[in-house]
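S.K.: Sequence:
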Amino acid sequence: MNELKAPHIREAADYILQRSSLRPEIGLIMGSGLGILGDHMENAVTIPYREIPHFPISTVEGHAGELMIGTLSGRPSVLMRGRFHMYEGYGPELTSFPVRVMKALGVRTLVVTNAAGGINTGYEPGDLMLISDHINLTGRNPLVGPNDGELGARFPDMSEAYSRRLRELARETARKMGFELREGVYIGVLGPSYETPAEIRMMRTLGADAVGMSTVAEVIAARHSGIEVLGISCISNMASGILDQPLSHQEVIETTERVKSRFLGLVTALATLL
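Residue numbers (my numbering): 1 to 274.
In short, the hints are calculated from the structure, not lab data. All C-beta atoms, glycine included, are put in the ideal place defined by N, C-alpha and C. A portion of the hints provided could be inaccurate.
What the hints assert, rightly or not - With beta-carbon atoms standing in for the labels, derived distance ranges:
1) Glu11 x Gly241: 44 to 50 Å
2) Pro48 x Glu257: 19 to 25 Å
3) Ser159 x Gln18: 34 to 40 Å
4) Glu150 x Thr268: 30 to 36 Å
5) Leu190 x Ala153: 37 to 43 Å
6) Ser21 x Arg201: 48 to 54 Å
7) Glu11 x Lys176: 41 to 47 Å
8) Glu25 x Ser261: 23 to 29 Å
9) Glu11 x Thr71: 24 to 30 Å
10) Glu11 x Pro146: 15 to 21 Å
11) Ser261 x Pro197: 29 to 35 Å
Unchecked claim - EDC-like mimics (lysine to aspartate or glutamate), calculated; alpha carbons at most 20 Å apart, straight line:
12) Lys260 x Asp39
13) Lys260 x Glu42
14) Lys260 x Glu124
15) Lys260 x Glu183
16) Lys5 x Glu51
17) Lys260 x Glu180
18) Lys5 x Glu150
19) Lys5 x Asp148
Hey, can you work out the whole structure from these sequences and the hints?
M.R.: Written as structure tokens, this is what we have:
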């Protein structure tokens, strides 16, 4: 990590533990429009990011910018309502810093969600996609710089960045709820401009099914830390050039609002199994 070291992680974790004595086992990072899951946490303590030492501040519409620690479906959990993006001017070590703090709090499993553009033409807005793998096109990695062996290995294995075991649990949970999950490859880009139609054609050729501007740095840091990861994308719109219409963040928020009940049901049901 270039800027944030183990003492900064410990300082942030200690501050959170002063506000709540709960030791969370599950960490959840909620993407654009998906932070409503926090309303379903019980006995939750809410901490604005600006109060936590070394935390950046979320500046994007649809991201509340607060950490919640409580129970979800009876499981001790910590939830981020909104995340940090590199396009906001933060480096990858900062966007993934909360994952390091979650590890220090005791988190063993991370559920990371995002709103993504559908590249696979078989997808429709409102689909939920299990992330089976990712492609990092941001050009950045949170592990660049000196490695702290206390945090993880110098060259962490990424052959199973997204847990097969957790994906199977999610598929089975969705089936019991009466719907099928999509499953595909997420490609992460820097943003904040949406992609051009030519870039989307390139990404499809590379094997990507959905594209977004987050997640990859968080997952790299999680795997470096030994945290098991489940990733879920909400296909909030079709990517550039697929439909004859411009892209907008408002469409993202409207789509996530439409599918929130299915999303909430899935994640709350999964929390008892993780």
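S.K.: Now tell me, hint by hint, if it's right for this structure.
M.R.: Right, here's what the structure says about each hint:
The hinted range of 44 to 50 Å is satisfied by Glu11 and Gly241, whose Cβ atoms lie roughly 46 Å apart. Our hint of 19 to 25 Å for Pro48 and Glu257 holds, since their Cβ atoms are close to 23 Å apart. Separation of Ser159 from Gln18 is about 38 Å and conforms to the stated range, judged on CB atoms against 34 to 40 Å. Look at Glu150 against Thr268: about 34 Å separates their beta carbons, and that is inside 30 to 36 Å.
In this structure the supplied range 37 to 43 Å is violated for Leu190 paired with Ala153, their Cβ-Cβ distance being about 26 Å. Judged by the Cβ atoms, the range 48 to 54 Å given for Ser21 and Arg201 holds: they are separated by roughly 52 Å. A hinted range of 41 to 47 Å holds for the C-beta pair Glu11 and Lys176, which are about 42 Å apart. Checked against the given bound of 23 to 29 Å, the beta carbons of Glu25 and Ser261, roughly 25 Å apart, stay inside it.
Distance hint check: the CB atoms of Glu11 and Thr71 are about 25 Å apart, consistent with the given range 24 to 30 Å. For Glu11 and Pro146, the Cβ-Cβ distance of about 19 Å falls inside the hinted range of 15 to 21 Å, so the restraint holds. At roughly 33 Å, the beta-carbon separation of Ser261 and Pro197 lies within the given 29 to 35 Å, and the hint holds. In summary, the hint linking Lys260 to Asp39 is supported, as the alpha carbons are separated by about 12 Å, within the 20 Å threshold.
The suggested pairing of Lys260 with Glu42 holds, with an alpha-carbon distance near 19 Å, which does not exceed 20 Å. Between the alpha carbons of Lys260 and Glu124 the distance comes to roughly 15 Å, so the proposed pair stays at or under 20 Å and holds. For the proposed pair Lys260 and Glu183, the alpha carbon gap of about 19 Å is at most 20 Å, so the pair holds. Annotation: proposed proximity of Lys5 to Glu51 holds, straight-line Cα distance about 19 Å (limit 20 Å).
Between the alpha carbons of Lys260 and Glu180 the distance comes to roughly 16 Å, so the proposed pair stays at or under 20 Å and holds. Annotation: proposed proximity of Lys5 to Glu150 holds, straight-line Cα distance about 10 Å (limit 20 Å). Distance hint between Lys5 and Asp148 is fulfilled; the C-alpha atoms sit about 8 Å from each other, no more than 20 Å.
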